[in-house]
Amino acid sequence: MTDTANEQAEAPPGISFTINGATVEANPGELLIDAAERHGVYIPRFCYHPRMKSVGMCRMCLVDVDRGRGARLEPACMITAAPDMIVDTESDQTQRAQEGILDLLLVNHPLDCPVCDKGGECPLQDQTVAYGPGESRFVEEKRHYEKPIPISDLVYLDRERCILCDRCTRFASDVAGDPLIHFIDRGNETQVNTFPDEPFSSYFSGNTVQICPVGALTAEPYRFKARPWDLAENESTAVVDSTGARVVLQSSRDELVRVLGVDSDAVNWSWLSDKERFTYEANGSEERLTDPLVRSESGEFATARWADAAAFAAEALQADPSLIGVIGGARLPVEGQFMWSTLLDALGVRDADPQIGDGLETELIQSLPRATIAEAAAPGGVVVLLSGDLKEELPTLYLRLRHAAVEDGASLIEMTARATGLSRFAKAKLHALPGTIDDVAEAVAAGTTSETVGGVDAAELAMAAKLLGSGRPVTVVIGRTNLAEDPGLITKAAAAIHRLVPEAKFLPALRRGNIHGAIETGLARGRTTTEILEDAAAGEVETLVLLGADPLADFPDRALVSSAFDMVENLVAVDTFATASSARADVILPAASFGEVDGSFVNLERRISPLRAKVTAPGQGRADWMIAAELAAALDHDLNVTSLDEVRTLLSSTMPAFADIDWSNIDAGGDGPLLGATNAVTPSLADIAAATSVAVPAVDGYGLRLVVDRKLWDLGTMVQQSQSLAHLAADTTLALSPADFDALGVQDGSTITVTGPGGATAELEVSASAGVPRGVAHVPYRMNGFDVGTFLSASTAVIDVRVNAG
Amino acid sequence: MTLGGKEIERAAGFVANDTPKIVTSRFDVEDSHTLVGYLATGGYEGIRAALKKKPEEVHAQITEATVLGRGGAGFPAGVKWGFMPKDVWPRYLVVNGDESEPGTYKDRLLMELDPHQLIEGCLIASYAVGLSRCFLYVRGEMAVAQERIAAALNDAYEAGYVGRNILGTDFSLDIVLHWGAGAYVVGEETALIESLEGNRGMPRLKPPYFPAAIGLYGKPTIVNNVETLANLPWIATNGAEAYRAIGTETSPGTRMVAVSGHVKRPGVYEIINGTTTFRDLIFGDDYCGGMREGRTLKAFVPGGGSAPWFLPDQLDLPFEASQVGPAGSMLGSGAIMVMDDTTDIPKAAHSLTRFYAHESCGKCVPCREGGTWLERILGRIVDGHGTTRDLEMLLEVGETICPGEFPHAASERLGLEAKPFPYGMTTICFVGPSAFAPVHSALTLFPEEFRDRVREVSDDDPVASPVGAVPVELKGIGAS
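Chains L and P supply the protein sequences, listed in that same order. Residue 1 is where the first sequence starts when you use the working numbering, and the numbers rise one by one after that. Residue 1001 is where the second sequence starts when you use the working numbering, and the numbers rise one by one after that.
Hints are computed from structural coordinates only; laboratory data are not their basis. Heads up, a few of these hints could be off.
These stretches of chain P come out as covered by chain L in the derived footprint (C-beta under 8 Å, 3 or more residues) [stated by the list, open to error]:
no., segment
1, 1201 to 1213
2, 1358 to 1370
3, 1426 to 1436
Computed from the model, here is a short list of chain P residues facing chain L with C-beta under 8 Å [claimed, not checked]:
no., residue
4, W1373
5, M1393
6, T1400
7, P1403
Ideal placement from N, C-alpha and C gives every residue a C-beta, glycine not left out.
Take the sequences, apply the hints, and build the full model.
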């Protein structure tokens, strides 16, 4: 918002026009409805939404417009202000039109407000009171439909209440790119519906509920849970991924019942993915840890008093600091991360990694010149997608980049392992065979684009080189393309692009929530998770601390984690749930979760925004900063903090990046500020790449190279603990290019035996996917039926699998 | 004549007379729809003449001739072409053959009986404004027209009149034939463009979607009516002077009208623009030959189902927009529906309103909800269940579709002054107001027929549930 305010201040003088007798100025191109609102004149509307194209359908925003030929009713959402235009939003004619439109809208709208979920916050209800006729004169039978019908697993549609404003349908087709709901039939019989047997299974379906101006669309998690006037709310930030979408948390009776998107210019434009919107359900899960758990002599967990559990954990931390490793921390708010970082400093612990082997190295992230989302999505830019499928991993960022490509002329170069949600908009598709992404990037950088490299057509390479050399601003979205591949290859590829376009900026697509907060607060230090686990497996780690981490499920090498856990003396977990990993700990300290404590969050742009408490944590769950402070006290390293404010003051004085933050109201300016410069000294990207060596074995002529990546709905803790979402995780299938079918003797739907590197086998169903390159087998991570993590190895650059039909 | 191997009746309703013919000259010619028949009667002479001139000269000729658009709005074609922005390519010509206004069937005959004339018109227009792709959108229900045009296009392509390097010149044009799917609203030009693009046939908002600026596929587009284009070959052959010699200064040339209803000889006639009067048409021996035996004229619709009605008082008005407008109606699509003294006026209005309510595309609220509401109130009145309050409500609901006073004709009998065209509207296109037009005309010009039909209620009466309400019916998926 601050950016926009600046633009407005610098913009040339606007267009002067008259509204309700006052002379005001509109910005060039600004719609009348927006210009009026900016000057304090609200024009009622239903179909208009500032983040979508106007359609002028509902006719509610008709106002008297005089262009010198007399006043005429014109829709304020379709016209821009013109010089000397005289607008009257309060004239008799305007008021009669408003009254008439509402009269007509109520013709077929059921007057069941008292039992409608929208009652109390309904634009139709509110505007009828404000602008409508006193009563409806329609005495005939209204339109009837079966009500409500589920149009997806999460959304219900009541077609009787629908006023056909085209908001949800426009959102689905224009914003989300999932045109699965449409108008069908015609005229007075028009209804919104899905195609038969094609549910509205969009990752963004919840947005349609939020923008519905009546109670026609309702979401499964909130239906009949509360009335709007019972809700208390607080503005916060979504923590399920690193985009940091701004949200409003709404609670009733100390229970989170709804999350809505907030219109943040910088980040999410009011949109949320269904994961950001609905995983609040996990907060109220019955499986939340409520009490500290300590493993007893008999090996069973027993609930313990905080002081006893803390003392137990503190004793484990009294080990030689060189024998202590910390994994995780991306779940924690910035303040908790900083307190843990301070505690580790006090103890002299050298090794902590908030990434769980499925991201990129901290040093690489710190070396990158950073872009904001707005810079990446700027009109006319070039965006390199050196990452996983953003639609699956960072869906809100996907919406911004999709908009940039579809509406703003941005050109996408896709350097993912396979086709993604953005492929259809990509100008160049460089789906390199696993193990060759660095060669592909080198070929583009060197301009040797005359022959196929890594399975990528020369024409695609040439197009990528042309776009990167076009002089347009370049942003590289950098993340992990393939969990079965050594991330060092990404480093090398990034360095090659940076060499070609030294002005290129980077937007890290690390997936995990507050990972950037952990990096900025110094929680990332020393060895990586892979190295810590390798040391542990070799018996060189005495105490392993899991800060909200579940490496047994997330780290892409099951065997290594298991043997590391077997070998460490003490396993300390701080978590909100008993996960596969924390269930093996010696002590678990229950932490307060999202929405339960105040704090802050750093997103992938390094933008800091507040996390605010709305409900109390269940049982004895505590804020992470308190847990760190308590452990410190038990270890005779009193950190001298007794409140969140003191933590923040200490943080600002210790970490230069946080020095200028106004903690009293982080988001006062709208979106939250970007962090300042750090004093971290890191080698350059080129140096890091030069020091990275990855030995990629030759392609096994009889095998397939494995691509493993994430889906939005997986077996992750937050999804599985949300009752509306848990069942959305699909079964694991092995996706192959149909071009490989004949050679392998398989077909779509056939069951095959897959043999992994260590001889492990699995039976999987084959699915045909044109988006998977030839010679590649794609398996999603953490899905039902098969754990592909058992095939992965941290010490191998790529994974080759064999496939046997039948 | 034969079509698709079957012997069929000649399209009914055409009557010849002695007035000058511009567009219907071949209607009496055997096989006028074939290339042979067309060439034998001076076909493709117009484009030959046009191709000898520069495109600007052809454009200027059409502008000078003043070919008023025959689709309904009556805007001069040459001026419309001039709205195309310079140097924006590609640009398109779209032929509006989605003739579906109630009572209108003139374009159908043009397409069935003289398809090559239309194709030649497309060639001349495309040459004049310099475009190379034309889309011919034919109403879905007109099977004969579709087959005839398809056959004519094939012949014309083969003979080199359409396609690459037409008649050996640099001018090339492709004509794409597209069949509609049966929606009245697609006769509206922006809805037609939406439909042509493969979307639901719903009108776009003007501004910003003026077809000349943002039309088909977002490119500058001319949308012309079939009859408008059918005039061009004659003008290109005979010159603008000759065209202007027919009709009046403001309405030159001829125009086709389609007469239906209670006359002796309903049918399509080519009349003189600005000169022929409604009396000539309805009572003239050259034309309809008067009312049915023993009947008198009660009212007539002068310009398609959506036009406000005229009374016998207006019979002496000529087909001249500048006179018909101030008299309270429009010439529209040239459909004249004649009602004699046996006509049940509320029922006639209901019949027309039901059509527009049914044909509402559902995009904007006043038309979608208001049209159906009007139809239901009117249906109640026709069935004898209405009240005096319903009569007020008809006008009130109408006012939300068309704010301000709605145009109507003068009536000596009622002591009524005319309210001139046009009307205000809260809708995107004219379908909504069209649903109200017959209601308003019927109520204003024949109030007694409604008063006789309804029960008197006072303002103190509670709103009673209407008798004969539509029974509850579940629709759509999952209906049980």
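**Asked** Which earlier hints can't be squared with this structure?
**Response** none
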